[in-house]
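Engineer: Sequence:
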Amino acid sequence: MLSRVAENIYWLARYVERAENTARLVRVNSHLVLDTPRGIAPGWEPLVDITGLQGEFHSVEREPNERNIVRFLIGDANNPGSILSSLAAARENCRTVREVLPRQSWERLNELYLFAKENIQSGLTKGGRDDFLDGIIRGSQGITGLLGSVMYRDEAWHFARLGRNLERADMTTRIIDVRSTDLFPDDLLESRSLDTLQWISVLRSLNGYQAYRRQVAIRVSRADVLTFLFHDASFPRSFMHCLDAVDESVWGLGESGGAATRGIRRFNRKLLKINVGELNQASLHEFIDELQIDIGRLHAHLAKTFFPPPLELDKTA
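Mapping the sequence shown onto the numbering used here, position 178 (from 1) lands on 178, and the numbers just tick up by one.
In silico EDC-like pairs for lysine to aspartate or glutamate, Cα to Cα no more than 16 Å straight-line:
1. Lys-270 x Asp-289
2. Lys-270 x Asp-232
3. Lys-117 x Asp-131
4. Lys-126 x Glu-66
5. Lys-270 x Glu-286
Computed spacing ranges between beta-carbons, pair by pair:
6. Ala-259 x Leu-124: 36 to 46 Å
7. Gly-277 x Asp-49: 19 to 29 Å
8. Lys-273 x Asn-65: 34 to 44 Å
The set of hints was computed from the structure by calculation and includes no laboratory data. All residues carry an ideal CB built from backbone N, CA and C; glycine is no exception.
Produce the complete structure using the sequences and hints provided.
Structural biologist: Structure below.
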């Protein structure tokens with residue numbers, strides 16, 4: 001497979017996953033605002049922190065209120081991480097590799113992009129937001145399901161799997177890091193009901209509430225949620241499950257023993273030796289920072305191994 005084709009498939013999967021994750025974040029926060037007592041509802045700025053787009057948001061002078069942040073995350077063409085921008089990038093990557101993907105994947109992705117583009121204004125309203133976000137989530141899941149159910153298990157499938165699971169691992173750590181600290185003021189978290197609501201929100205952001213209740217416990221607690229989201233390899237959005245999927249695809253591409261495999265082994269050692277449920281907030285933040293750095297390194301290893309080198313800028317220009 002050409003390295004450029006591999007790179008396009010990898011990023012196609014990452015962008016589709018990113019659009020779905022962003023839609024989930026906005027939807028969960030919208031519902032959480034309605035569930036909390038008046039006067040102590042969570043803010044919207046933590047959503048910008050989760051996506052790591054603080055610089056882009058604050059590059060334009062605007063208040064970090066609900067309307068501005070929802071617009072920024074859903075339809076801001078100048079935000080590379082918005083739902084519309086992510087789907088546009090996924091669509092462009094898909095267009096260049098249509099010959100190696102199921103025929104319906106281009107049709108589904110094109111339909112989803114057009115749906116997002118044509119319904120942005122409705123998605124910005126409180127009344128139309130749920131329908132818009134549900135459409136994005138269903139459409140993204142449909143594309144992911146199509147690639148997973150009918151795509152031949154060759155190199156192209158492995159690169160799509162790599163992109164999807166690295167993006168999930170990245171978002172899982174971001175949600176835990178920011179949601180566990182910035183959702184409610186510290187003095188209010190002394191209330192058990194608000195503490196429980198906070199961790200239910202974390203689970204719902206990752207579509208893991210039902211699985212947690214079935215497999216872990218009826219009661220939602222910080223320690224149990226952290227253990228579930230980091231260590232439970234049977235939950236598809238847990239960090240361990242994503243890491244296992246990346247490891248399997250690296251092996252499937254014949255790169256066992258390379259830099260990427262060594263990076264995955266480092267991940268495993270870190271996860272196995274730390275009981276995340278016992279970490280205080282400062283230690284948890286430090287641990288997640290290390291994982292974020294390692295995710296970046298793993299992506300760099302994959303890019304160096306499989307993708308074309310970045311274009312060098314003309315220094316004489």
